[in-house]
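In order, the protein sequences belong to chains A and B. At position 197 of the first sequence (counting the first as 1) the number is 197 in the UniProt record's numbering, and the numbers step up by one without a gap. At position 175 of the second sequence (counting the first as 1) the number is 175 in the UniProt record's numbering, and the numbers step up by one without a gap.
It is possible that some hints are incorrect.
Output of the computed footprint for chain A on chain B, the stretches with three or more beta carbons under 8 Å from beta carbons of chain A [to be verified]:
1. 144-154
2. 231-238
3. 324-331
What follows is a set of in silico ranges between Cβ atoms, one per label pair, in the way DEER data are often shown [stated by the list, open to error]:
4. B:333 - A:76: 55 to 65 Å
5. A:340 - B:75: 51 to 61 Å
6. A:257 - B:255: 51 to 61 Å
7. A:128 - B:235: 14 to 24 Å
8. B:235 - A:340: 12 to 22 Å
9. B:232 - A:128: 26 to 36 Å
10. A:334 - B:159: 29 to 39 Å
11. A:288 - B:193: 22 to 32 Å
12. B:336 - A:150: 52 to 62 Å
13. A:95 - B:72: 57 to 67 Å
14. B:235 - A:76: 32 to 42 Å
15. B:42 - A:47: 27 to 37 Å
16. A:162 - B:251: 25 to 35 Å
Pairs of lysine-lysine residues, derived as DSS-like cross-links and limited to a Cα-Cα distance of at most 27 Å, are as follows [to be verified]:
17. A:288 - B:288
18. A:243 - B:288
19. B:288 - B:90
Rather than coming from a laboratory, the hints here were simulated on the basis of the structure. A quick note: this is a predicted structure, and the numbers were derived from the prediction, not measured. Idealized CB from N, CA, C, for every residue including glycine.
Residues per chain are reported as follows:
2 protein chains.
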Amino acid sequence: MSDPKKTSVLVVGGGSVGAIAALNLEVGGLASVTVVLRSNYNKVKETGYDIQSCDHGEVKAWRPTSVRNQVPNITEEGADPYDFIVLTTKNIPDVGPTVAELIAPALDKENAHTTIVLIQNGLNIEKPLIEAYPKATILSGVSLIGSAEPQPGVIVQDDKDRLLIGPFDTPNIHASFAEAKAKEFVKIYGAGGKTDCKYSPDVSHDRWRKLVYNACLNPICAITGLDTGRIRLADGAVEGLVKPAMREIVVAAKAVGVELAKDVMETMIEVDPLDLYLSPSMLADVRKGNYIEFENLLGEPLREGKKAGVPMPTLEVLYQIARALQWRTKESRGLVDIPAKRT
Amino acid sequence: MSDPKKTSVLVVGGGSVGAIAALNLEVGGLASVTVVLRSNYNKVKETGYDIQSCDHGEVKAWRPTSVRNQVPNITEEGADPYDFIVLTTKNIPDVGPTVAELIAPALDKENAHTTIVLIQNGLNIEKPLIEAYPKATILSGVSLIGSAEPQPGVIVQDDKDRLLIGPFDTPNIHASFAEAKAKEFVKIYGAGGKTDCKYSPDVSHDRWRKLVYNACLNPICAITGLDTGRIRLADGAVEGLVKPAMREIVVAAKAVGVELAKDVMETMIEVDPLDLYLSPSMLADVRKGNYIEFENLLGEPLREGKKAGVPMPTLEVLYQIARALQWRTKESRGLVDIPAKRT
């Protein structure tokens, strides 16, 4: 059970990112963590996580304070609201359930207490939460981590955890209050000293910067079926496809007031070592037959850029193709009607 | 052997299109046809084609006058040049061999005799031939046919053969001579009365018209993995992807002097019945791990449009993605070097 002297944190999504987040929060000794699991629940409940981590070393049979197989209903359980709810699931609003729906049982009616931390990619992900929970403090987590879950409950973290935490701009929360909450979370998360978690006030900058990778390389790899090593080898793909897409993101960012570093495109093109052949999340998801996070990673920056008057022809086509790939996954799961074949 | 009173025709490529072309040429009684085969050579040599055709009915164990397993070397064989060489192979200049190289052994040095008929898709396909054989008459064949080869030498033609023949614009051949050759070919090809083969003087129009399908729907299906029935069902794909691409082709055609019919986009979107779920050639090729004809079908109209000052943002992205798919096929065939994975 939770220790009342510690900060209570609910981590929703205990996969490769969530498990490391939970571990960091617990090893600092300031938080008591409940993790909500799905596919790996039985394994973690019974024998804990087996974690091999460049930050933490070998951690066998590790369990957070509590594991759950669904988001706790605090009203039914008569439990206190959590201090923080950290979301580390994929965020796929076009397929649902939405993040707002997902965490609803863990929030009290007013929700003046719980701070929501979105360690998720993309743009405008706070907006549906502001609408659903206008009194909630909502923090942005931009994570750069190399972590995978090759088997349920087995986590291999081969690239260090770098987490930027800052307050989303929310209409009903004082900036100073949100800033304090962000700094509090950074302190709790980094207390174990094994991770690089920083307070970063410029959430828009951090998110647009990561979009240079996530709105461009990520869908391009998913669409072409080539990993980031191969896309750099393929005939003309960097000059003809990756850079034009990235340029549109850089211009769109500028149009909404975010100035990215001059070398951001080169940095992002080379962020994965050429000889590692890494599959970005959307490519990995397409290969597994999973849904892709294309609306937040590609659709939202596209819409923001167009709204700001920026021509986005490359991203527009990538978006439409990604949408067709998502439809294909829906079909494979029996979610669309295909008229019978004429005989 | 060839009948000297008949027109001698060499058909290069005896697959689903070439077999029906050979059949049409032979049933008219005016041509003696040699077909060059590759993968189905043994089957056709031994037991002939088995053809089930909406135009010809059931044709069992049919053989053209002659079958060969490579393009005949007329100089070595001391043979007369063919009157016509008809190309029904795929045309993939970025992978090679080129069509000009392929037919070289069947042409005499001067090549003032043989007329070359390209029953192949795309734009500018005559240009490498004009360069290689400046004295050759070169005809365009734009074929609308539904035909497949489910097993080697087994041809199922389920949509009628409509072939438009006209002279390519070549610098060294009198237009009236080329026109006469085109009309001669139409007569020979249609003499059996089982096919709809027409003389069509406006080759550019016929080719740009077919590009509305082939530069747009064809690569879009290949890239998204959706057939033409599904692409019409998928969320927003027609409005967001197919039509913008087609509009660029229509505008590019106009810019180079080709006025397409007002309803050409709708016609091409609906040319395949919705309940047939047809895979256009590039999708079929991607699924089989074959190379795609993206340079002639997509690259050439893109380059022509851009040269004429037409913005082609959608086709540009489709082209770059198709190029990456081609590279992926090259990799799968061991034709590109992938640096070793870091251990």
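Going through the hints against the structure:
Coverage of a stretch by a chain is defined here by at least three residues with a beta carbon nearer than 8 Å to that chain's beta carbons; for the stretch 144-154 of chain B and chain A the count is 0, and the condition is violated. Counting residues of the stretch 231-238 of chain B whose CB lies closer than 8 Å to any CB of chain A gives 6, which reaches the minimum of 3, so the coverage claim holds. Judged by the Cβ-Cβ criterion of 8 Å, the stretch 324-331 of chain B is covered by chain A as claimed, because 6 of its residues qualify and three suffice. At about 60 Å, the beta-carbon gap between residue 333 of chain B and residue 76 of chain A stays in the expected band of 55 to 65 Å.
Our hint of 51 to 61 Å for residue 340 of chain A and residue 75 of chain B holds, since their Cβ atoms are close to 57 Å apart. A hinted range of 51 to 61 Å is violated for the C-beta pair residue 257 of chain A and residue 255 of chain B, which are about 38 Å apart. Take residue 128 of chain A and residue 235 of chain B: their Cβ atoms lie about 20 Å apart, and the range 14 to 24 Å holds. Separated by about 21 Å at the C-beta atoms, residue 235 of chain B and residue 340 of chain A satisfy the suggested range of 12 to 22 Å.
Against the hinted window of 26 to 36 Å, the Cβ-Cβ separation of residue 232 of chain B and residue 128 of chain A comes to about 31 Å, which satisfies the hint. Taken as a hint, the range 29 to 39 Å holds for the pair residue 334 of chain A and residue 159 of chain B, whose Cβ atoms sit roughly 31 Å apart. Checked against the hint of 22 to 32 Å, the C-beta distance between residue 288 of chain A and residue 193 of chain B comes to roughly 55 Å, which is inconsistent with it. For residue 336 of chain B and residue 150 of chain A, the hinted distance range of 52 to 62 Å is not satisfied, since their beta carbons lie about 28 Å from each other.
Taking 57 to 67 Å as the suggested C-beta distance range, the pair residue 95 of chain A and residue 72 of chain B conforms, at roughly 58 Å. Separated by about 37 Å at the C-beta atoms, residue 235 of chain B and residue 76 of chain A satisfy the suggested range of 32 to 42 Å. Judged by the Cβ atoms, the range 27 to 37 Å given for residue 42 of chain B and residue 47 of chain A is violated: they are separated by roughly 59 Å. A beta carbon spacing of about 47 Å between residue 162 of chain A and residue 251 of chain B contradicts the range 25 to 35 Å that was offered as a hint.
Straight-line distance between C-alpha atoms of residue 288 of chain A and residue 288 of chain B comes to about 20 Å, which keeps the hinted pair within the 27 Å bound. Restraint check for residue 243 of chain A and residue 288 of chain B: not satisfied, since their Cα atoms lie roughly 30 Å apart, outside the 27 Å limit. Only pairs whose Cα atoms come within 27 Å are accepted, and residue 288 of chain B paired with residue 90 of chain B is accepted, the gap being roughly 14 Å.
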